Amino acid sequence: MPADADDLVIATPAGLYCPAGDFHVDPWQPVARAVITHGHGDHARPGMGCYYTSAAGLPILQWRLGAQDYRAFDYGEPFALGRTRVSLHPAGHVLGSAQVRIECGGTVWVVSGDYKRQPDPTCAPFAPQSCDVFVTEATFALPVYRWPETAAVARDIVAWREECAARGEAAVLFCYALGKAQRLLAELRAHTDQPALLHGAIAAGVEVYRAAGVELLPTGTVAEQAPRGGGYAGALVLAPPSAAGSPWMRRFRRVQTAFASGWMQVRGNRRRRHVERGFVVSDHADWPALLQSIEQSRARRIIVTHGAGDALVRLLGERGLAAGTFDTRFGSED
Amino acid sequence: MRRFVALYRRLDRSTATSDKRAALVDYFRTAPPADAAWALWLLAGGKIGGAGARIAGSGELLAWIGEVANLPAWLVEECRAHVGDLAETLSLLLDDPAAHDDTPLHVWIEDRLLAVAGQDAAARRELVTGAWAVLDSEQRLVFNKLLTGSLRVGVSQRLVQQALAELGGIDIALIAQRMLGAWQPGPGFLAQLLSPQQTAADRAQPYPFFLASPLEAPAGTLGDIGDWLLEWKWDGIRLQLIRRGAEIALWSRGEERLDGRFPEIEAAARQLPHGCVIDGELLAWPAEAAQPLPFTALQTRIQRRKPGPKVLAQAPARVLAYDLLECEGEDWRARPLHQRRDALQQILAACADPRLQLSPAVAAADWSQAAALRDSARERGVEGLMLKRRSSPYQAGRRRGAWWKWKLDPLSVDAVLLYAQSGSGRRSTLYTDYTFGLWRDDALVPVAKAYSGLSDAEILELDRWIRAHTTERYGPVRAVQPLQVFELGFEVVNRSSRHKSGIAVRFPRVLRWRRDKTAAEADRLETLQALAR
Ligand SMILES: [Zn+2]
Ligand SMILES: [Zn+2]
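Residue numbers (this note's numbering), protein chains in the order written: chain A, 16 to 349; chain B, 36 to 568.
I should point out that these hints are in silico values taken from the structure, not numbers from a laboratory. Note that the structure is predicted; figures quoted are calculated from it, not measured. Built from N, CA and C at the ideal position, the CB exists for glycine as well. Honestly, I wouldn't trust all of these hints.
[Stated by the list, open to error] Pair ranges (Cβ atoms, derived):
(1) A:G235 - B:T256: 25 to 35 Å
(2) B:L246 - A:A174: 56 to 66 Å
(3) A:A205 - B:R549: 50 to 60 Å
(4) B:A133 - A:G335: 25 to 35 Å
(5) B:D491 - A:R344: 51 to 61 Å
(6) A:D89 - B:G92: 56 to 66 Å
(7) A:A205 - B:G436: 51 to 61 Å
(8) A:R344 - B:D410: 52 to 62 Å
[Said to hold, decoys possible] Selected chain B positions facing chain A (in silico; Cβ < 7 Å):
(9) L106
(10) L110
(11) E113
(12) V118
(13) G119
(14) L127
(15) L128
(16) Q154
(17) T464
(18) W474
[As the list claims (entries may be wrong)] Negatives, chain A to chain B, calculated, CB over 10 Å:
(19) G246
(20) G322
(21) L330
(22) R344
With the rest of the complex left out, here is chain A (with noise of 0.2 Å):
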């Protein structure tokens, strides 16, 4: 979208950028100040000079980032970058995820990161923020794309296991590592006591959130060796999606799979991930929650991110807002 000389944030090659603050919002070069949403990978890349984040989120990013300069700020703590106040405010999206709010003389924009409306025991709820401009992400943007309640889901990933179960089988369950493995843990508690089993990749990130105090399901690891007898029959393995078709799988005599995504709403996203079930499990916000914040931030301006967001820019245009696209090299993962 054209850029006005006074806009606080524009899209430059580096990233998101602040020319009036001199900083960067979740750049994917190497800045020399980088203000990061969360700890994504297409989000939190290494390489930047100094890393702002939110306190929440600072475990995360030294797992994945490791040592870094990092500045850690409890939400809503606004400090100074060049001549902008910035504060981080909840996403609800992963531990520790931010909306960045920016001011410089009277005006503020704020860019949403990645966000949900849906409660996620494993993090703090989306915190609305009034503003002249919403950055906002668009990775469902479709009026096809609603997310069922989660304690239903979760009702429905128990029946799996179970039915896996009198099979002889294991359920494999596909998440991401970083937030989703997490939170279907916490959903989890509530409607089941079995351990769940952990794949390498995903046992790390477990830790991360144990350490910092949110209560998930009992967990186990899969071992190097199918376990004598029935092998893995009857558990619920977490694995993440790169596991998929991998010789890891080998280890599972009989098994299911299953990918818990919000992509899963669509029957045709689901055959192409050759998995037996979808379970509709989504960080991101759906249409009707993109909607809902988009009108909560008051803003007379929306921007979108993350690419596929053309559909909900048209409708915003056809409503009389003004409204416009970032090119940005986020992913669509969830």
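We have chain A; now place chain B with the ligands onto it with these hints.
Quick look at chain B with the ligands alone, frame taken from chain A:
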């Protein structure tokens, strides 16, 4: 509808055939007969409403959902393009109601859907949007699939029949036979279907056709040629000729009765002994001609319920008999082919009517001689050879091993993709039905529609290309920029006055995507016309 939706979900989720069969058995064991009969109808590919009694067109459904969900038409269309399947799109755009709907399937269909079929738009809209308001998302998906006629869950006819046979403790062949032809879904039909006794309705029913599979391996791998009966593969209409008591019935392989359309064949059949069922090929073949007329001649006959003398003289019909399925009222299908054929030969000899002839055995000393004969098929006006194991029983459906069709390699041309339409079933989300054209002067003339031949990956790629290169839309059809070239194969090319191109192709299919060719390099119409007979 709840129980049927649960069946749909179970079938949809299971990949193993044994799981699907168990789901079907469970359903038919517990469902009330009035519902089960409709479930059977739907699983067998039956539609609700239909041409003369429509409930909702896709345009109406898209408009109604836009009104109900308060979305502009372009956004609804955007959603459909994203999701692919119309029924699924409709079900995703609404929120679930608070209450559960427990109305039985047959009430939904008989008292509601069929009650408004063919009525004015307001009544149909009220019913459909009213249903959307009370059904949950899984129910809406199935309901919408009833409206769009696309309820397919990877269940073959045979699997349904296996489940019913298991449930009723009766032979699957009897189930299959009873499900042939037109039937009315209702508890009465279901009871008759599962009846262990012969019923009156069984008398006019054909047997399920045994279909040959295409021979892919070299013919030499079939072993001693002496174990095989070789016949020409005729390009006509496969049929069963039934003579039981006073009853004479002609059934096409498409499970349609052809009664009245071929009076000369019915007259000839009166000379057959009672209790006799013959499997054969219907051809248009003048008495003095050495070869049958092309298939297009027969097509003019199928459409006429009462052909006049002129039509009868222009395209006289003849049956080349392949097989004897019933003899003196007894089911002979389990007997070996050579025995059935001997009896068939005797019956036809006694009948001595030129309109009922034995399909001649083709003599070949070895497989290379047989291959040479197959290569002569095109000039003989046939499609190739049929290879049937002499010891084979007459099975049901397409079963590999005993009967093979050994067709000529197809004729081929390079043609340009002009139009695309979305497919059905598994491919409903993709543009998979293509129309191709050839050059006449400097314009492209449509010559063939083809549905198959590309790999799944190519279909996906082409689908994306089609969406990005659409020039115009006519309902479900998209015109695309004429840029992509495909090699098309045909079995036969005939001259035809009914087609704009002046020719009609039989069994067109895509052989490969010619990415190496530009549209300008595609073939001219004259090339195809030169192949026509
Ligand atoms: Zn994220
Ligand atoms: Zn993101």
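Against the structure, the hints come out as follows:
| no. | hint | result |
| --- | --- | --- |
| 1 | A:G235 - B:T256: 25 to 35 Å | violated, 53 Å |
| 2 | B:L246 - A:A174: 56 to 66 Å | violated, 41 Å |
| 3 | A:A205 - B:R549: 50 to 60 Å | holds, 58 Å |
| 4 | B:A133 - A:G335: 25 to 35 Å | holds, 33 Å |
| 5 | B:D491 - A:R344: 51 to 61 Å | violated, 30 Å |
| 6 | A:D89 - B:G92: 56 to 66 Å | holds, 58 Å |
| 7 | A:A205 - B:G436: 51 to 61 Å | holds, 55 Å |
| 8 | A:R344 - B:D410: 52 to 62 Å | holds, 60 Å |
| 9 | L106 | holds, 6 Å |
| 10 | L110 | holds, 6 Å |
| 11 | E113 | holds, 5 Å |
| 12 | V118 | holds, 5 Å |
| 13 | G119 | holds, 5 Å |
| 14 | L127 | holds, 4 Å |
| 15 | L128 | holds, 6 Å |
| 16 | Q154 | violated, 30 Å |
| 17 | T464 | holds, 5 Å |
| 18 | W474 | violated, 36 Å |
| 19 | G246 | holds, 19 Å |
| 20 | G322 | holds, 14 Å |
| 21 | L330 | violated, 6 Å |
| 22 | R344 | holds, 22 Å |
Going through the hint list in order, the structure does not satisfy hints 1, 2, 5, 16, 18, 21.
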